[in-house]
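Asker: Letter by letter, the chains look like this.
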Amino acid sequence: MTTLTEKTPFVPDPDAPVVTSTKGLLKTPIVFGVVTVLVALLLAFKSREGDTTFRIAADTDLFELPEITVPSTPSLATVIVLLAVCTAASTLLASRNRRTPLWLVAVFAVLAVVGFLAWAAAGEAVPMVGLLSGSIALAVPLVFGALGGVLGERAGVVNIAIDGQLLFGAFAAAMFGTIVGSPWGGLVAAMCAGALVALVLAFFAINYFVDQVIVGVVLNVLVIGLTSFLFGQVMTENPTGLNDPPHFSRIPIPLLGEIPIIGPVLFRQTILVYIMYVGVGLVAWALYRTKWGLRVRAVGEHPKAADTVGIKVNRTRYTTLIIAGLIAGIGGATYTLVSVPQFGEEMTGGAGYIALAAVIFGRWDPIRATLAALLFGFATNLSGVLSVIGSPVPSQFMLMLPYVVTIIAVAGLVGHSRAPAADGVPYRKG
Amino acid sequence: MTLELRGITKRFGPLVANDRISLTVNEGEIHALLGENGAGKSTLMNVLYGLYQADEGEILLDGKPLEMTGPGDAMAAGIGMVHQHFMLIPVFTVAENVMLGNEATGFAGQLDIDAARARVREISERFGFDVDPDAVVETLPVGVQQRVEIIKALSRDARVLVFDEPTAVLTPQETDELMEIMRQLRESGTAIVFISHKLREVRAIADRITVIRRGAVVGEASPSATNAELAALMVGRPVELTVQKDPAQPGPAALTVTDLRVVDDTGHVHLDGITFSIAAGEVLGVAGVQGNGQTELTEAVLGLQSDVTGSIELDGRQLVGRSVRKVLDAGVGFVPEDRQVDGLVAGMTIAENLMLNRSHGEPFVGMGTIKRKVLEAFAEEKLVEYDVRASGIHATAGQLSGGNQQKVVVARELSRDLRLLVAAQPTRGVDVGSIEFIHKQIVATRDRGVPVLLVSTELDEIVALSDRIMVLYRGQVVGIVPADTPRETLGLMMAGERPEGVVA
Numbered sequence: 001m002t003t004l005t006e007k008t009p010f011v012p013d014p015d016a017p018v019v020t021s022t023k024g025l026l027k028t029p030i031v032f033g034v035v036t037v038l039v040a041l042l043l044a045f046k047s048r049e050g051d052t053t054f055r056i057a058a059d060t061d062l063f064e065l066p067e068i069t070v071p072s073t074p075s076l077a078t079v080i081v082l083l084a085v086c087t088a089a090s091t092l093l094a095s096r097n098r099r100t101p102l103w104l105v106a107v108f109a110v111l112a113v114v115g116f117l118a119w120a121a122a123g124e125a126v127p128m129v130g131l132l133s134g135s136i137a138l139a140v141p142l143v144f145g146a147l148g149g150v151l152g153e154r155a156g157v158v159n160i161a162i163d164g165q166l167l168f169g170a171f172a173a174a175m176f177g178t179i180v181g182s183p184w185g186g187l188v189a190a191m192c193a194g195a196l197v198a199l200v201l202a203f204f205a206i207n208y209f210v211d212q213v214i215v216g217v218v219l220n221v222l223v224i225g226l227t228s229f230l231f232g233q234v235m236t237e238n239p240t241g242l243n244d245p246p247h248f249s250r251i252p253i254p255l256l257g258e259i260p261i262i263g264p265v266l267f268r269q270t271i272l273v274y275i276m277y278v279g280v281g282l283v284a285w286a287l288y289r290t291k292w293g294l295r296v297r298a299v300g301e302h303p304k305a306a307d308t309v310g311i312k313v314n315r316t317r318y319t320t321l322i323i324a325g326l327i328a329g330i331g332g333a334t335y336t337l338v339s340v341p342q343f344g345e346e347m348t349g350g351a352g353y354i355a356l357a358a359v360i361f362g363r364w365d366p367i368r369a370t371l372a373a374l375l376f377g378f379a380t381n382l383s384g385v386l387s388v389i390g391s392p393v394p395s396q397f398m399l400m401l402p403y404v405v406t407i408i409a410v411a412g413l414v415g416h417s418r419a420p421a422a423d424g425v426p427y428r429k430g
Numbered sequence: 001m002t003l004e005l006r007g008i009t010k011r012f013g014p015l016v017a018n019d020r021i022s023l024t025v026n027e028g029e030i031h032a033l034l035g036e037n038g039a040g041k042s043t044l045m046n047v048l049y050g051l052y053q054a055d056e057g058e059i060l061l062d063g064k065p066l067e068m069t070g071p072g073d074a075m076a077a078g079i080g081m082v083h084q085h086f087m088l089i090p091v092f093t094v095a096e097n098v099m100l101g102n103e104a105t106g107f108a109g110q111l112d113i114d115a116a117r118a119r120v121r122e123i124s125e126r127f128g129f130d131v132d133p134d135a136v137v138e139t140l141p142v143g144v145q146q147r148v149e150i151i152k153a154l155s156r157d158a159r160v161l162v163f164d165e166p167t168a169v170l171t172p173q174e175t176d177e178l179m180e181i182m183r184q185l186r187e188s189g190t191a192i193v194f195i196s197h198k199l200r201e202v203r204a205i206a207d208r209i210t211v212i213r214r215g216a217v218v219g220e221a222s223p224s225a226t227n228a229e230l231a232a233l234m235v236g237r238p239v240e241l242t243v244q245k246d247p248a249q250p251g252p253a254a255l256t257v258t259d260l261r262v263v264d265d266t267g268h269v270h271l272d273g274i275t276f277s278i279a280a281g282e283v284l285g286v287a288g289v290q291g292n293g294q295t296e297l298t299e300a301v302l303g304l305q306s307d308v309t310g311s312i313e314l315d316g317r318q319l320v321g322r323s324v325r326k327v328l329d330a331g332v333g334f335v336p337e338d339r340q341v342d343g344l345v346a347g348m349t350i351a352e353n354l355m356l357n358r359s360h361g362e363p364f365v366g367m368g369t370i371k372r373k374v375l376e377a378f379a380e381e382k383l384v385e386y387d388v389r390a391s392g393i394h395a396t397a398g399q400l401s402g403g404n405q406q407k408v409v410v411a412r413e414l415s416r417d418l419r420l421l422v423a424a425q426p427t428r429g430v431d432v433g434s435i436e437f438i439h440k441q442i443v444a445t446r447d448r449g450v451p452v453l454l455v456s457t458e459l460d461e462i463v464a465l466s467d468r469i470m471v472l473y474r475g476q477v478v479g480i481v482p483a484d485t486p487r488e489t490l491g492l493m494m495a496g497e498r499p500e501g502v503v504a
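Top line first, the protein sequences correspond to chains R and H.
This note's numbering numbers the first residue of the first sequence as 1 and each following residue consecutively.
This note's numbering numbers the first residue of the second sequence as 1 and each following residue consecutively.
In case anyone wonders, no lab produced these hints; they're calculated from the structure.
Treat each hint with caution, since some may be false.
To be verified - Here are some chain H residues the structure puts well away from chain R; computed CB gaps all over 12 Å:
(1) 60
(2) 89
(3) 231
(4) 275
(5) 295
(6) 315
(7) 367
(8) 392
Stated by the list, open to error - Part of the chain H face toward chain R, derived, beta carbon under 10 Å:
(9) 76
(10) 96
(11) 100
From a predicted model like this one, the values you see are computed outputs, not experimental measurements.
Note that CB positions come from ideal geometry on N, CA and C, so glycine has one too.
Let the hints inform the model, and build the full structure from the sequences given.
Answerer: Given below as structure tokens:
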């Protein structure tokens, strides 16, 4: 017979969390190892002579920074050693059941990029300012698209249609910007176009419970068809009247824009980039700190619970999706109102899907998704810059770079991420 | 404050879930609504809470009819609900959950989280709850999560509180604490509706008891009524509440599990080195609060878990690492815990469901073709033997009631030469009549010399059927004790404490 008066507490592992598995820990060291070997292969198979110059000054700076010149091969060798050290450290951590810290991943990535540049641009100069500021410019549509994606998915609707929103936004911006004669008119039209695509998605996904992935993909294809048709049949008939929008010019911010490196990269951009800075902060604030954001997240996690406290689930999803569409529309406007003020068929080139990858890589968080989008922007611009200065890698390979980075990032480095629990699940009452 | 339901009728197509139900609850009173699973209790409460709209009847608060178009209206009128499946956002903090839908805001809709924290602290102090407003809900034990639900309702000044099967997920100790909280709420003037099918709890706490059966009120009872009287009222005929069985005649150990460890694909360890054995002709009951590794244990035996280490030996043959097919062929019968998901194919006929585990060959399949004659004869026979109430063997499984569906599953699993029966929640959501029947079948299986691994979150069921009881807590074995161990001891063990004298 047992007694209740004396008892010994049975606590298996009182403080230890239930998670003690080593699964997934090896991903980072494996990715590190593969990248290190790839970089080492560069040295082994095609060693390059000469020095590499990193040009980090711009003529508008308050004071001038010197150029940095390094010998190509020894630098690459040094980098490979450092990469190997990082890989070893990561492996050691994994063997002790610890995750690789984020700063180590960042250091590794920077080292790998520097090593690659030192090798690829041997005998040439790398325009660092151009490389970085171009990255921002290329990342702008991705950032807006990712913000739209984050909002939609946080509210529980998978938004595959980001690409359609970007493309339709780009088209509307070009057409109405030309008609109105002002880039602002184009911007408003782009936002409306993005919201229109979102509205169609919301209508089918929320009212008719159609599979959200399918509606999204169908919408993307529909927008490609529609814009290509209108481009071919309407725009090309009258290019000056319909496809010649005025563009936003660069606005240097006084003082901030004169800081070396940071100034030209961040603060000598168009108004759309400044809207992006504000937009990222605003979305993050609204999502985490406001009543609206709390409700959006509740609806995306557990719609029935939200319903039982009197929140209109589907209305919240509608409004959130439309706001997301407006934001993605701004991203579309950057295609036709900034660098090339002209619309072209399928000009987004699947950027919406990269933005979607940024949403996942960024773990459904506006700030992290923005950083991910910036990474993809950098990869894209890197391939462009290297083909200009003449790298030994075939240009077709360089064009693959952003997509390779996407796969490595999402598969290898995301770690354990959890989507909103009701993401993609339509809400039915009862 | 008096809440009155008058003639509430709710239909789903041809099914009348609530048939002219009337009841009243006064302030400072606990009114229990007693009925079997599927009697229409939850439907009624969803009507009361505004999730469903009643087809007929009205809800009156202090004599004034309430206009209900959604849950917001019920809350605004002062009706709060503690749901059976908590309506909490797992990744939110306690404060965020409490404020959701009722947010205090500052500039531009910015959340005033401090106000919510203060509200949580104030209510938790008033009732002696120990709840941290900044804890993330999914990291809290179920009992605490339930308190968050109560705080949520009280923070909206609820004067009527509806508890929908609140004890289903609690340990016996947590249940006692909940009862104490309900009494405290009653003293403070709250009107309480307590929905349950557990006779003992209803008798312990209720001031008045209304019994419903098949969607209609069949009578009122006083808390002094006996269990047998209440059960008879609830089921509509006298029922046997205890399971008749002879002492077990255990043979040699048949199933031996050694150092079993199960990890899921997100890295959670669900079973952490558990060891036990079951003798032939013995029922080992696995007790524990839901989610302490029971599901993973049954699935590991069947070969449904991918990351399993350790050993599971049945009659000396290793089961770990074998496919489900091989495990079934080794003579393992499996009653899964969710018959709708894992037990039956709702769109297929009863006959087809009865051959699911033998769809690869004899006796029902020859030359790759189903032998319909053999199958139909078999199905007809089982329909009678297991007392399945259906229009015929070609009725689809989805048309059957929960109890009859479960009988089909049990019939299929017991109709083979078994070396081991694994029964997970065999009577969950099943009417009392079918429970009796299924319990008898399990005991009969034991008496044929088959070892039985029984998993249930209903402690009563474990105690009634088992010869020995194993208590699981956080994936480890707290102890294996005789079936006559007092409930209090078992309750402590379910909360992770090992009383003196219990050996792991």
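Asker: Now tell me if each hint is right for this structure.
Answerer: Quick rundown of the hints versus the structure:
no.: 1; hint: 60; result: holds, 21 Å
no.: 2; hint: 89; result: violated, 5 Å
no.: 3; hint: 231; result: holds, 30 Å
no.: 4; hint: 275; result: holds, 14 Å
no.: 5; hint: 295; result: holds, 14 Å
no.: 6; hint: 315; result: holds, 31 Å
no.: 7; hint: 367; result: holds, 39 Å
no.: 8; hint: 392; result: holds, 30 Å
no.: 9; hint: 76; result: holds, 8 Å
no.: 10; hint: 96; result: holds, 6 Å
no.: 11; hint: 100; result: holds, 5 Å
Hint compliance for this structure: hint 2 is the single one not met.
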